[in-house]
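A.B. asks: Let's have the full structure, built from the sequences with the hints guiding it.
Each chain is listed here by its residues.
Protein chains: 2
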Amino acid sequence: MTDRPAVAPAMRHRSMRDHNLGVVLGEVARRGTVSRAGLAVATGLTKSTVSSLVGELVAARLLVAEGRTGEGERGRPGIGLALDDGYVAGLGCEIGARRLAVAVVDLRGRTRVRLERVGSNRRPPAAVFGELAALAEAAERRAEAAGLTLVGAGLAIPGLLDHAAADRRCVVAAPNLGWRDVPLDPYLADLPPRTGLPMGVDNEANLAALGELRLGAGRVHPSFLVVTGEVGIGAGLVVGSGLYSGADGFAGELGHVVVVPGGAPCACGGRGCLETVAGLPALLRAAGLDPDGGLAPLLDALDRPGGDAAADAARAAVDEAAAGLALALTAAVHLLAPGLIVLGGTLAALGPVLVPRLEAALAAQVGALRGTSPPVTTSALGPDAAVLGAALGVVDAVLADPVRIMPA
Amino acid sequence: MTDRPAVAPAMRHRSMRDHNLGVVLGEVARRGTVSRAGLAVATGLTKSTVSSLVGELVAARLLVAEGRTGEGERGRPGIGLALDDGYVAGLGCEIGARRLAVAVVDLRGRTRVRLERVGSNRRPPAAVFGELAALAEAAERRAEAAGLTLVGAGLAIPGLLDHAAADRRCVVAAPNLGWRDVPLDPYLADLPPRTGLPMGVDNEANLAALGELRLGAGRVHPSFLVVTGEVGIGAGLVVGSGLYSGADGFAGELGHVVVVPGGAPCACGGRGCLETVAGLPALLRAAGLDPDGGLAPLLDALDRPGGDAAADAARAAVDEAAAGLALALTAAVHLLAPGLIVLGGTLAALGPVLVPRLEAALAAQVGALRGTSPPVTTSALGPDAAVLGAALGVVDAVLADPVRIMPA
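Line order of the protein sequences matches chains A and B.
If you're matching positions, the first sequence starts at 1 in UniProt numbering and goes up one per residue.
If you're matching positions, the second sequence starts at 1 in UniProt numbering and goes up one per residue.
Check each hint, because a few of them may be wrong.
For the chain A half of the interface with chain B, some residues (derived, Cβ under 10 Å), not all of them [claimed, not checked]:
| # | residue |
| --- | --- |
| 1 | Ser48 |
| 2 | Leu115 |
| 3 | Val118 |
| 4 | Gly119 |
| 5 | Tyr187 |
| 6 | Tyr244 |
| 7 | Gly255 |
| 8 | Val258 |
| 9 | Pro261 |
| 10 | Ala331 |
| 11 | Val366 |
These are computed hints drawn from the structure, not numbers from a lab.
Remember, predicted model here, so these are calculated numbers, not experimental data.
Even for Gly, the Cβ is constructed at its ideal location relative to N, Cα and C.
C.D. replies: See the structure below:
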């Protein structure tokens, strides 16, 4: 006897209604506006079943009648159904190395509230979560003033998370926050919307990938790698419109691929990692700039003419970072095979310098074997991809399984 | 409106029967022997539904009554049902750089026929496929003599495959066969069992991962990376008991991760790839041995005492290969996060030398961040993982969706 993966559950009638509520809602989400007759054609369900399901979804304020479509029978226009963007919303929160951010996103994926507080978070978790809770409460008040109800929240963290036990999630390591083995659930319970349901929490690169999937790169390609850069460097992978994060959620640690064998020590404990040449503090230090001084002085130096000592130092530092990124991305292309590479975070601001170098290096190193190499672009969402992804995760969960917020 | 992934199909009654046939068959596969009553409890289906589904599966010779279980009602033993290992079988074929192999596997995953022909396949595809067809026909005759019917076949190829069009699949590049842009379907149509159904074809590392999942490493860990080594080096990743092969099936090209920046040219067109230091010919050449002479002389040299020139050259070559493997595996652990690393193919034979070095290097480079680093083991299937995986793919498809070989 060979071992077999666990089998899918058998289907029965009760689960069919729950499943089909998600099918109908998903079809509306995909199409924007659609009539009951159009839904029956698209889903293969009978019109009476569709009407019953739509009635439940309208009552739950997930769908709303909106205008008319040309799809009705015998030339009569049908009543259009669309996602109700006036009630259900998701809250996204992000703890970055140098900022806190929160965002409220409605059922149609639009950002309705966005707040930020800039400052280092290399502090004890209690202090950071206290400030985050205050920021999230301010966002919740604004959302409620707009008639929205937060049905859940998601949190982005720049580190490795242990999700093994649902109520004992913890940060295994967040080197750029200085956190190790921090239990999260006591802090998460104090964040809005306090539904009593567990709050989603994930690595910032995974959530940035989800944000890109829904609002950015995902509109042009179903499979891509988002490289996020702030103090650290991470990567989130989307394959066939789904997030890939490995068996334990620890995949995509691009910043710790070795690009200088035997090189400088990294905050992770290893040597010669990509972060040691392309993380923002490393890059600034190599350019002779204040490692905590932000990106602006580096961009200024790059704008100066050649021969200027500061400009030459900046260019040399960026060259080294680009060479390191090219090596790490070569590994990522060969191991993960993304169709597109998106530079996010602070790396997006360096796009004009980095993109042509990375594309040339990838073409030389992977193009011959694969016949092609993935294009490199910069993120349109910039530093907000992760916080929006955290909020969209809540909205997506509702769209996929609306029963979770509906009466039984 | 945001873009949404495609929605799941709505459920209707016809598809429920088809789905539930797979649920019942999968439950038997998972448990070995089980009664109708046990199946009803495990699946949540009624006893009469289970009896009807079991009747169809017995008639199709997918299930067979076998002994009795202790699960019957009121203390009476129930009639045991098990997978029928006497009828349905899958054929696996492999084109390696230096051998052809075929295997027939029954519904319980047991190898019933295995044939091999050793010799270089760096020849025109028509000649290679002609020999493979003859070998596969010999295997089919032996299977038939044992009462087995081949319901499908799978083929393992050491290269990148384009699956985009179902009837125009091709080898994009197989550097170690010297093949590029080779259309496969005309050749596949000439291989047994000629059911008229498309034959499965995949990269050898992906199929080796499937073989390990069912018969090897998968019995101890649900998520692992198999490193396959012959002339080239590949990797197959299993996550949560499923194969991960990227958006286009091109993932896992571990052999082309750069481990010597700016290093020696590789057959792929890049420079400094892992294959240039750890592929078998590169390793033999670095040890001062015939690059086409196989592994035995290297193992002999490693067994000699230090101070012997041949032994020292062999040890230095293996040290360099181990250092390259450690760098590439560091990238793989950070990007893919496998729970276990399995050395297969020719690398398995070097396990006693490689395993301790790789484990020490990974502990130093990834252990601090992750709190742990994956163990490294050697494959128990050796060079047969891919050909068995190809055959098991056929069997798995039948177990997951038996309707494909049953009357409607």
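A.B. asks: Which hint numbers does the structure go against, in order from smallest to largest?
C.D. replies: 1, 2, 3, 4 and 5
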